[in-house]
Amino acid sequence: MEIVPLGDSALIVRVVDDFARNPEASLNAVLAALRSLEAAAIPGVTELAPAYSTVGIFFDVAGIARAAPEQEPFDWLSAKIESALKVRSAGSEKGVKTQLIEIPVCYDREFAPDIGDVARVAGLAEAEVIHRHSSAAYRVNCVGFIAGFPFLSGLPSELATPRRAAPRKDVPAGSVAIGGAQTGIYPRNSPGGWNVIGRTPLRLFDVQREPPTILRAGDRVRFREISREEFGGFPQ
Amino acid sequence: MNVFVRSAGFLTSVQDLGRAGYRQSGISVGGALDSHAMRVANALAGNEDSAAGLEATLGSLRLRFDDQRVVAWCGGAFAVRLGDENLPPGHAGLIAKDEELVMAAPKAGARAWLAISGGIDLPPVLGSRSTDLRGDFGGHEGRALRDGDALPLGEPSVLPARVAKMFGDRRIAEWTAPSAWVTTAARDRFLRIVQGPDWTRFTPEAQTSLVGAPFTVTLDSDRMGARLDGPSLPRQDPSDLLSEAVGPGTLQVPPNGKPILLLGDCQTIGGYPKIAHVITVDLPIAAQLWPGGLVRFYDVSLAVAQQLLREREEDFTRFRIGLSLQAS
Chain A
1 MEIVPLGDSA LIVRVVDDFA RNPEASLNAV LAALRSLEAA AIPGVTELAP
51 AYSTVGIFFD VAGIARAAPE QEPFDWLSAK IESALKVRSA GSEKGVKTQL
101 IEIPVCYDRE FAPDIGDVAR VAGLAEAEVI HRHSSAAYRV NCVGFIAGFP
151 FLSGLPSELA TPRRAAPRKD VPAGSVAIGG AQTGIYPRNS PGGWNVIGRT
201 PLRLFDVQRE PPTILRAGDR VRFREISREE FGGFPQ
Chain B
1 MNVFVRSAGF LTSVQDLGRA GYRQSGISVG GALDSHAMRV ANALAGNEDS
51 AAGLEATLGS LRLRFDDQRV VAWCGGAFAV RLGDENLPPG HAGLIAKDEE
101 LVMAAPKAGA RAWLAISGGI DLPPVLGSRS TDLRGDFGGH EGRALRDGDA
151 LPLGEPSVLP ARVAKMFGDR RIAEWTAPSA WVTTAARDRF LRIVQGPDWT
201 RFTPEAQTSL VGAPFTVTLD SDRMGARLDG PSLPRQDPSD LLSEAVGPGT
251 LQVPPNGKPI LLLGDCQTIG GYPKIAHVIT VDLPIAAQLW PGGLVRFYDV
301 SLAVAQQLLR EREEDFTRFR IGLSLQAS
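Quick mapping for you: the protein sequence lines, in order, are chains A and B.
Take the first sequence: its position 60, counting from 1, is numbered 60 in our numbering, and each next residue is one higher.
Take the second sequence: its position 29, counting from 1, is numbered 29 in our numbering, and each next residue is one higher.
Treat the hints with care, since some could be wrong.
As the list claims (entries may be wrong) - Taking beta-carbon pairs under 8 Å as the criterion, some of the chain A residues facing chain B (in silico):
#	residue
1	PHE19
2	ASN22
3	ALA25
4	PHE58
Said to hold, decoys possible - Below, a sample of chain A positions facing chain B; criterion: calculated Cβ distance under 7 Å:
#	residue
5	LEU6
6	ALA51
7	GLY56
8	ALA68
9	PRO73
10	TRP76
11	PHE111
12	ASP114
13	GLY144
14	VAL207
To be verified - Listed next, with one range per pair, are the computed distances between beta-carbon atoms:
#	chain 1	residue 1	chain 2	residue 2	range
15	A	VAL87	B	GLN326	45 to 53 Å
16	A	ALA137	B	ALA105	55 to 63 Å
17	B	ALA108	A	VAL87	50 to 58 Å
18	A	ALA68	B	GLY212	32 to 40 Å
19	A	GLU128	B	SER301	51 to 59 Å
20	A	GLU225	B	ASP136	45 to 53 Å
21	A	ALA125	B	LEU242	29 to 37 Å
Since the hints were derived computationally from the structure, they do not count as laboratory data.
Keep in mind it's a predicted model, so treat the numbers as computed, not measured.
Note that CB positions come from ideal geometry on N, CA and C, so glycine has one too.
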């Protein structure tokens with residue numbers, strides 16, 4: 001583990017060194033660290049931001065100075081973080097609560113402008129791309145880039161497809177797409193360079209909800225293929 | 001009671017101190033790009049720090065009010081008039097019912113923050129009245145203001161009798177805030193930095209170039225970040241990095257070697273290496289960067305950066321106490 005400053009009011013805790021070797025265990029370790037840090041409620045800490053192998057910690061320097069006027073804020077905070085993470089027992093990674101969420105996806109050509117490209121790169125028929133994409137088990141590595149965008153690991157390696165050379169100006173909300181070895185869902189209309197292969201009728205992001213996103217880091221996801229008729233019948 | 005937008009100018013939006021607590025959902029903190037200026041203007045107008053005001057970009061803003069209000073502003077080198085009187089930055093001014101506030105284009109800098117007594121009373125979204133211009137939510141209908149908009153104002157916390165006493169027969173109050181807080185557009189912009197998490201991934205030449213060489217702000221700069229052109233900043237190892245937390249002030253370097261200085265509306269995570277980070281007390285200067293402008297960086301230690309921030313916070317607390325004594 002390593003703690004590095006991100007400016008004067010944030011730092012990054014690098015929880016695991018090699019995420020790629022074992023993404024599943026790495027993500028569990030990061031989520032367990034996140035829970036331990038939440039439970040520790042360190043004075044002056046304003047926000048925690050997990051992503052892949054790290055937890056970003058944002059803090060109020062003046063608040064920390066009030067809690068520990070004699071110490072350098074970074075040193076004091078680092079010590080607090082280290083002791084919070086030591087408290088975590090070996091078994092706590094199993095205790096990380098995550099949900100399994102099923103996302104209905106319509107892979108109809110109307111919603112899948114890039115499925116031909118994905119099929120070509122994979123050397124598979126389009127129906128086989130749909131079958132494999134909707135059969136795999138995924139996990140949310142992190143949520144970011146734009147509000148509510150989930151980055152999912154677990155894409156069958158043969159479906160990995162490089163991002164489009166020229167990003168699209170407007171990818172519709174709900175678009176399910178492949179970018180490199182990851183798959184993701186555009187929560188709202190936005191520009192984007194991933195290969196769009198379907199669309200979900202679910203509203204992934206809604207500021208009137210608390211929390212505003214359905215998916216959180218660590219959640220497990222499955223895609224269920226639905227017909228164009230079923231898509232149209234979904235309550236908006 | 002309302003403020004009416006006669007002319008919305010180039011880009012004006014409702015902002016407060018931002019929307020903290022939702023990074024896990026990928027939501028930027030946003031808020032006033034110079035949140036300190038917003039706080040100071042609010043204090044001068046008799047508001048809580050967190051009251052919502054307006055962030056104006058390049059001026060050309062005209063507002064009218066349907067009752068008497070106290071207003072104050074901080075930021076770039078703008079000229080602001082209340083009726084036929086000039087309102088300097090960092091002073092509270094009284095504007096009468098049906099009078100116009102006019103903010104012209106700036107001589108230097110790009111943005112200004114205007115506080116109105118009572119604050120802009122729109123419903124908070126996820127704990128903030130800030131407009132998230134990328135997410136199209138918060139503020140007024142999730143968008144920049146347009147000519148003809150009307151925004152509801154809250155009840156001023158300062159009683160009318162006290163306002164009368166504060167101003168006497170003047171309409172511009174004499175007291176002011178430290179000039180470094182209220183006027184943030186300098187001709188030569190120096191931003192102090194601390195080394196970033198990926199400092200050692202860059203070549204010694206890149207590290208030397210970053211500190212001292214001038215960089216030019218390029219056209220594709222906005223509330224997310226200022227893109228800079230200058231000496232290229234090559235890396236020692238070109239390996240791909242996993243995305244991790246970034247924040248306002250992060251100086252990240254894409255593969256083309258041209259740094260991007262992230263500002264308030266920046267994404268929550270990023271995969272480009274972070275060579276350095278602008279210190280918090282200098283973010284007000286960063287918020288005045290505009291295409292064509294020059295900026296230079298010089299490095300300070302983390303301890304110095306945090307000490308400067310602590311001192312500013314203590315000064316702000318004293319400033320608030322001073323104001324409340326003036327008004328009592």
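Each hint tested on the structure:
{"no.": "1", "hint": "PHE19", "in the structure": "6 Å, holds"}
{"no.": "2", "hint": "ASN22", "in the structure": "14 Å, violated"}
{"no.": "3", "hint": "ALA25", "in the structure": "15 Å, violated"}
{"no.": "4", "hint": "PHE58", "in the structure": "7 Å, holds"}
{"no.": "5", "hint": "LEU6", "in the structure": "6 Å, holds"}
{"no.": "6", "hint": "ALA51", "in the structure": "5 Å, holds"}
{"no.": "7", "hint": "GLY56", "in the structure": "2 Å, holds"}
{"no.": "8", "hint": "ALA68", "in the structure": "12 Å, violated"}
{"no.": "9", "hint": "PRO73", "in the structure": "5 Å, holds"}
{"no.": "10", "hint": "TRP76", "in the structure": "11 Å, violated"}
{"no.": "11", "hint": "PHE111", "in the structure": "22 Å, violated"}
{"no.": "12", "hint": "ASP114", "in the structure": "22 Å, violated"}
{"no.": "13", "hint": "GLY144", "in the structure": "4 Å, holds"}
{"no.": "14", "hint": "VAL207", "in the structure": "5 Å, holds"}
{"no.": "15", "hint": "A:VAL87 x B:GLN326: 45 to 53 Å", "in the structure": "49 Å, holds"}
{"no.": "16", "hint": "A:ALA137 x B:ALA105: 55 to 63 Å", "in the structure": "57 Å, holds"}
{"no.": "17", "hint": "B:ALA108 x A:VAL87: 50 to 58 Å", "in the structure": "52 Å, holds"}
{"no.": "18", "hint": "A:ALA68 x B:GLY212: 32 to 40 Å", "in the structure": "35 Å, holds"}
{"no.": "19", "hint": "A:GLU128 x B:SER301: 51 to 59 Å", "in the structure": "58 Å, holds"}
{"no.": "20", "hint": "A:GLU225 x B:ASP136: 45 to 53 Å", "in the structure": "30 Å, violated"}
{"no.": "21", "hint": "A:ALA125 x B:LEU242: 29 to 37 Å", "in the structure": "33 Å, holds"}
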